[in-house]
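**Student:** Here is what each chain is made of, one letter per residue.
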Amino acid sequence: MRFWISSACAFALAVLAAATLKNEYYFFAGYTVLMFVVLATAWNILGGYAGYVNFGTPAFFGLGAYTAVVVFKATAAPLVVQILAAAVMSGLLGFATGLLTLRLRGIFFAIATIAVTVIMETLFINWRYTGGATGLQLLRPAPVWPFESYITMLFVVMAAMTVAAIAIARYIETSWIGRGLRAIRDSEEAAECSGVSTLKLKVFACAISGALMGAAGAPMPMYLSFIEPASTFNLNYAIGALASPMIGGTAHYLGPVIGAVILSTIQQVVTVTISSELNVLVVGVLLVVFVVAAPEGILGLVKKLFPRKKP
Amino acid sequence: MTTLLEIKGVSKHFGGFAALSDVSIAVARGERFGLIGPNGSGKTTLINCVSGSLRNDAGSIVFDGRDVSRLPAYMRTRCGIARSFQIPRPFASMSVLENLAVPLEYVVHRRSLHTADTRGEAMEILKDIGLADKADTLASSLSQVELRKMELARAMAAHPRLLISDEAMAGLSSNEVSEVLEILFKLNGTGITVIMIEHIMQAVMKFSQRVVCLDAGRIICEGSPAEIVANADVQRAYLGA
Amino acid sequence: MIFSFELLLEAVVFGILLGCFYAAVSIGLSVSFGLLDVPHVAHPAIMVFGAYCTYLLGQYGFDPILAGIVLMPPFFLLGMGVYRFYYETFEKRGSDAGVRGIAFFFGLTLIIEVGLILVFGVDQRSAEAPYIGKALSLGEMRIPWRFIVSFGVALVLMTALTLYLSKTFTGRAIKAVAQDEGALRLMGADPVWIKQWAFGIATAVSALAGAMLIIVGPVEPSLDRVYIGRTFAVVVLAGLGSMTGTLAAGLILGISESIVLMHFGASWAPAVAFGLLLVVLGIRPQGLFGR
Numbered sequence: 001m002r003f004w005i006s007s008a009c010a011f012a013l014a015v016l017a018a019a020t021l022k023n024e025y026y027f028f029a030g031y032t033v034l035m036f037v038v039l040a041t042a043w044n045i046l047g048g049y050a051g052y053v054n055f056g057t058p059a060f061f062g063l064g065a066y067t068a069v070v071v072f073k074a075t076a077a078p079l080v081v082q083i084l085a086a087a088v089m090s091g092l093l094g095f096a097t098g099l100l101t102l103r104l105r106g107i108f109f110a111i112a113t114i115a116v117t118v119i120m121e122t123l124f125i126n127w128r129y130t131g132g133a134t135g136l137q138l139l140r141p142a143p144v145w146p147f148e149s150y151i152t153m154l155f156v157v158m159a160a161m162t163v164a165a166i167a168i169a170r171y172i173e174t175s176w177i178g179r180g181l182r183a184i185r186d187s188e189e190a191a192e193c194s195g196v197s198t199l200k201l202k203v204f205a206c207a208i209s210g211a212l213m214g215a216a217g218a219p220m221p222m223y224l225s226f227i228e229p230a231s232t233f234n235l236n237y238a239i240g241a242l243a244s245p246m247i248g249g250t251a252h253y254l255g256p257v258i259g260a261v262i263l264s265t266i267q268q269v270v271t272v273t274i275s276s277e278l279n280v281l282v283v284g285v286l287l288v289v290f291v292v293a294a295p296e297g298i299l300g301l302v303k304k305l306f307p308r309k310k311p
Numbered sequence: 312m313t314t315l316l317e318i319k320g321v322s323k324h325f326g327g328f329a330a331l332s333d334v335s336i337a338v339a340r341g342e343r344f345g346l347i348g349p350n351g352s353g354k355t356t357l358i359n360c361v362s363g364s365l366r367n368d369a370g371s372i373v374f375d376g377r378d379v380s381r382l383p384a385y386m387r388t389r390c391g392i393a394r395s396f397q398i399p400r401p402f403a404s405m406s407v408l409e410n411l412a413v414p415l416e417y418v419v420h421r422r423s424l425h426t427a428d429t430r431g432e433a434m435e436i437l438k439d440i441g442l443a444d445k446a447d448t449l450a451s452s453l454s455q456v457e458l459r460k461m462e463l464a465r466a467m468a469a470h471p472r473l474l475i476s477d478e479a480m481a482g483l484s485s486n487e488v489s490e491v492l493e494i495l496f497k498l499n500g501t502g503i504t505v506i507m508i509e510h511i512m513q514a515v516m517k518f519s520q521r522v523v524c525l526d527a528g529r530i531i532c533e534g535s536p537a538e539i540v541a542n543a544d545v546q547r548a549y550l551g552a
Numbered sequence: 553m554i555f556s557f558e559l560l561l562e563a564v565v566f567g568i569l570l571g572c573f574y575a576a577v578s579i580g581l582s583v584s585f586g587l588l589d590v591p592h593v594a595h596p597a598i599m600v601f602g603a604y605c606t607y608l609l610g611q612y613g614f615d616p617i618l619a620g621i622v623l624m625p626p627f628f629l630l631g632m633g634v635y636r637f638y639y640e641t642f643e644k645r646g647s648d649a650g651v652r653g654i655a656f657f658f659g660l661t662l663i664i665e666v667g668l669i670l671v672f673g674v675d676q677r678s679a680e681a682p683y684i685g686k687a688l689s690l691g692e693m694r695i696p697w698r699f700i701v702s703f704g705v706a707l708v709l710m711t712a713l714t715l716y717l718s719k720t721f722t723g724r725a726i727k728a729v730a731q732d733e734g735a736l737r738l739m740g741a742d743p744v745w746i747k748q749w750a751f752g753i754a755t756a757v758s759a760l761a762g763a764m765l766i767i768v769g770p771v772e773p774s775l776d777r778v779y780i781g782r783t784f785a786v787v788v789l790a791g792l793g794s795m796t797g798t799l800a801a802g803l804i805l806g807i808s809e810s811i812v813l814m815h816f817g818a819s820w821a822p823a824v825a826f827g828l829l830l831v832v833l834g835i836r837p838q839g840l841f842g843r
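Taken in sequence, the protein lines are chains A, B and C. 115 is the number that the numbering used here gives to position 115 of the first sequence; each next residue is one higher, with no gaps. With the second sequence counted from 1, adding 311 to any position gets you the numbering used here. With the third sequence counted from 1, adding 552 to any position gets you the numbering used here.
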């Protein structure tokens, strides 16, 4: 119950901000932060709970973005339809990738997801319909009532998706599905011998995680009014999605949220004031420091400092 | 007595190495069955083939009249085959109680997830095994004997008809050995068939009604504990004469 | 698509030269990942680091190959250090080492990559040597000498490593550690020490591979991203830890990449390694020459 009240409050706050703030920069920045929260939350469903590292966030994210563009170009369907289509396509990609490689050890899956990313990028570089390597300029349609600016609308949509993603992750974590995934991470063989259909569960987690990443990617082309393969399938999405849960903590659904907020805030500050390379360096150093010194992330540290309080 | 598990002509190769060749064993319902043999004789490979962690290359494994050789491990657990591991494999990030909740949720309550009293049932099993006071302890902080007991408890939570105990007493003190032995006797008393793999001869001989000895992937002897002890081949296999 | 026999022949010749080079850049990974089971995704980044070190030594007049050989001892020590750190922090602790181990090497990759950008900038760098820029003419075909040189170095490197692993005591111990740690312990060898040594060798080999990287073409800090796919594709296709397999897999990748490059164009080439990798993982994960 407390979860739903705080989620509703957070979402109401986002809507209130959308209604009152006039400076579009906040929504531009806020959108990116929320997007990384969704990506990190989605990543954690497979990576954190089941322990399978996914480097392929850009593949799922990018396929979602391109699906939205194709749907928009072909049918001019509204944003909601684009997002749903993106989720379905990326979910299918997750399903296929999972089926192909999740019966193997974790490192093979990790490498395979890099492969899927490059293959996706190559496909869209060579597909004329979406503009090939040079990309496609997109004309934003008018925002839907009651919104006055398209960016504000995208911000509210992303806020809704954030709440949805966290709610899904929370449901998985606290239900029998999450217990099964954690059993897989702790000992796959023991899980299987305890009746857990490990392959099915992993493929399910991979598909859900992929679908959420795809949904997060769907509004991106409209956000930029532009789509192009190199930046859409950029490794930075993989870095953010992986590093956030590792830094925030993978055991609890709040871990990726905390990690993503911290990382994308650092990104905003460092990229704007110094350089985007330095930002990657900061993320890399934080990632290594946390996996070495604080394997349970910020949430683990908080638990250690305040042993009785539950985060 | 009727047969519960029938292993028919099972073979398993790893590359050019024959880990099991043409092994046939029948275990009766409610039996206490011992499986012995020197290191590398194929005991664990055989158990892995029965529980589904490995697939046998030839032969078949029939459980309760059904050929399970091609079923994945989780389906065999749902059919009623449960096991413990030679090297304990706890779900280390979970409490003892949650460890038991996994088989309870995935085997027993698959169709009544939200109404079932998982906690209560898990506590019952833990009480039987003598781990009730550790229910909320993290599995990673258990002692060796507690880990062994938890593995047995977790296997029991799957409501098995056949329990395979893979060296559940290795590395335990003699007091602890008799504790675990007592648990296994108690479980067998409730009608569960038990296959015990063990190096501690005293324990196997005390527990089993019938014993099979494997050496280099073949059965070299089968019989009552007394017959096994007296058998020349068994002595040769163990002493390496 | 225009098909011609000459074009195909040229593609195959280039493919063989390229394939040997791919095998050579993958052989370090074949030891560290294939034999030692370390999720070493930072392997290509260390190689690019080696290429930049070669570039630096080149500024003082070192020939790239000589520079690569000079770099081997310090890289050996670096590798031993990295493995010891990895072992103490992840392998020893056991549970959940997989995820954190991969994340650790991924973080290392980012740090090396950005470190190179901060020091050298994003521009391409290349090495200078008498054989770079010239080509050997064989009838219609013109084969750049840099490819022939890297081909030669690759063959020598792979022969030396294969001999080392099969003829010396330590080499055989490295192969044994991959299969049965317990047996090795019984023989009185410390498996951790053997692994550390082997990781050092793998890293030293990567230094020379880095030198070959800058011989074959100009390098940039983000070049490692391309080679993650190629090196892992070769190692997986080969069957983990198989040296002859690595050469065969390198040739398969090199020839298929060069055929795709000539017949379909450069925009499809990056997907070849990864497509091959996915197919192998899906159909025959133990590789062509796997155990």
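Because the hints were derived from the structure by calculation, they are not lab data. Keep in mind the model is a prediction, meaning the values are calculated, not measured. All C-beta atoms in this analysis are idealised placements derived from N, C-alpha and C, irrespective of residue type, glycine included. Mixed in with the good hints there might be a few duds.
Said to hold, decoys possible - Here are the computed lysine to aspartate or glutamate pairs in the EDC-like style, where the Cα-Cα straight-line distance is at most 20 angstroms:
hint, chain 1, residue 1, chain 2, residue 2
1, A, K304, B, D447
2, A, K303, B, D447
3, A, K200, A, E189
4, B, K438, B, D428
5, C, K644, A, E277
What the hints assert, rightly or not - Ranges of calculated distance between the beta carbons of each label pair, as one might list FRET restraints:
hint, chain 1, residue 1, chain 2, residue 2, range
6, C, S718, B, Q397, 29 to 39 angstroms
7, C, Q676, A, T265, 58 to 68 angstroms
8, C, V674, A, T134, 20 to 30 angstroms
9, A, R128, C, V778, 44 to 54 angstroms
10, C, E640, A, T174, 54 to 64 angstroms
Said to hold, decoys possible - One-sided excerpt, in silico: chain A residues whose CB lies under 10 angstroms from chain B:
hint, residue
11, Y150
12, A183
13, R185
14, A190
15, A191
16, E192
17, C193
18, G195
19, T198
20, E228
21, K303
22, K304
23, L305
**Student:** Each hint: holds or not?
**Tutor:** Going through the hints against the structure:
A hinted pair counts as satisfied when its Cα atoms are at most 20 angstroms apart, and K304 (chain A) with D447 (chain B) qualifies at roughly 18 angstroms. Taken as a hint, the K303 (chain A) and D447 (chain B) pair is honoured in the structure, with Cα atoms around 17 angstroms apart against an allowance of 20 angstroms. Distance restraint check for K200 (chain A) and E189 (chain A): the Cα-Cα separation of roughly 14 angstroms lies within the 20 angstroms cut-off, and the hinted pair is therefore satisfied. At roughly 16 angstroms between alpha-carbon atoms, K438 (chain B) and D428 (chain B) fall within 20 angstroms of each other, so this suggested pair holds.
Taking the CA atoms of K644 (chain C) and E277 (chain A), the gap is about 33 angstroms. The hint is violated against a cut of 20 angstroms. Between S718 (chain C) and Q397 (chain B) the beta carbon distance is about 33 angstroms. The supplied range of 29 to 39 angstroms therefore holds. Judged by the Cβ atoms, the range 58 to 68 angstroms given for Q676 (chain C) and T265 (chain A) is violated: they are separated by roughly 34 angstroms. For the pair V674 (chain C) and T134 (chain A), the supplied restraint of 20 to 30 angstroms holds, since their beta-carbon distance comes to about 21 angstroms.
Evaluation of the 44 to 54 angstroms hint for R128 (chain A) and V778 (chain C) yields a failure: the beta carbon distance comes to about 25 angstroms. In this structure, E640 (chain C) and T174 (chain A) break the distance hint of 54 to 64 angstroms, their C-beta atoms being roughly 35 angstroms apart. Interface restraint check for Y150 (chain A): the shortest CB-CB distance to chain B comes to about 43 angstroms, outside 10 angstroms, so the restraint is violated. With a cut of 10 angstroms, the hint placing A183 (chain A) at the interface with chain B holds, because the nearest CB-to-CB distance is about 5 angstroms.
Nearest Cβ of chain B to the Cβ of R185 (chain A): about 7 angstroms, under the 10 angstroms cut. The hint holds. The interface hint given for A190 (chain A) is met, as the beta carbon of that residue sits about 4 angstroms from the closest beta carbon of chain B, less than 10 angstroms. Evaluation of the A191 (chain A) hint against chain B yields a held restraint, the C-beta minimum of about 7 angstroms falling below 10 angstroms. Hint status for E192 (chain A): holds, given a least beta-carbon distance of 4 angstroms to chain B, under 10 angstroms.
At its closest, the beta carbon of C193 (chain A) sits 6 angstroms from a beta carbon of chain B; the interface hint therefore holds under the 10 angstroms criterion. Contact between G195 (chain A) and chain B, as hinted, is supported at the beta carbon level, the nearest pair being about 4 angstroms apart and thus within 10 angstroms. Hint status for T198 (chain A): holds, given a least beta-carbon distance of 7 angstroms to chain B, under 10 angstroms. Interface hint at E228 (chain A): violated, since its Cβ lies 42 angstroms from the closest Cβ of chain B, which is beyond the 10 angstroms cut-off.
Evaluation of the K303 (chain A) hint against chain B yields a violated restraint, the C-beta minimum of about 12 angstroms exceeding 10 angstroms. For the restraint placing K304 (chain A) at the interface with chain B, the shortest Cβ-Cβ distance is roughly 14 angstroms, beyond the 10 angstroms limit, so the hint is violated. With a least beta-carbon distance of about 18 angstroms to chain B, the hint placing L305 (chain A) at the interface is violated under the 10 angstroms criterion.
Violation of the numbered hints given earlier is confined to hints 5, 7, 9, 10, 11, 20, 21, 22, 23; the remaining hints are satisfied by the structure.
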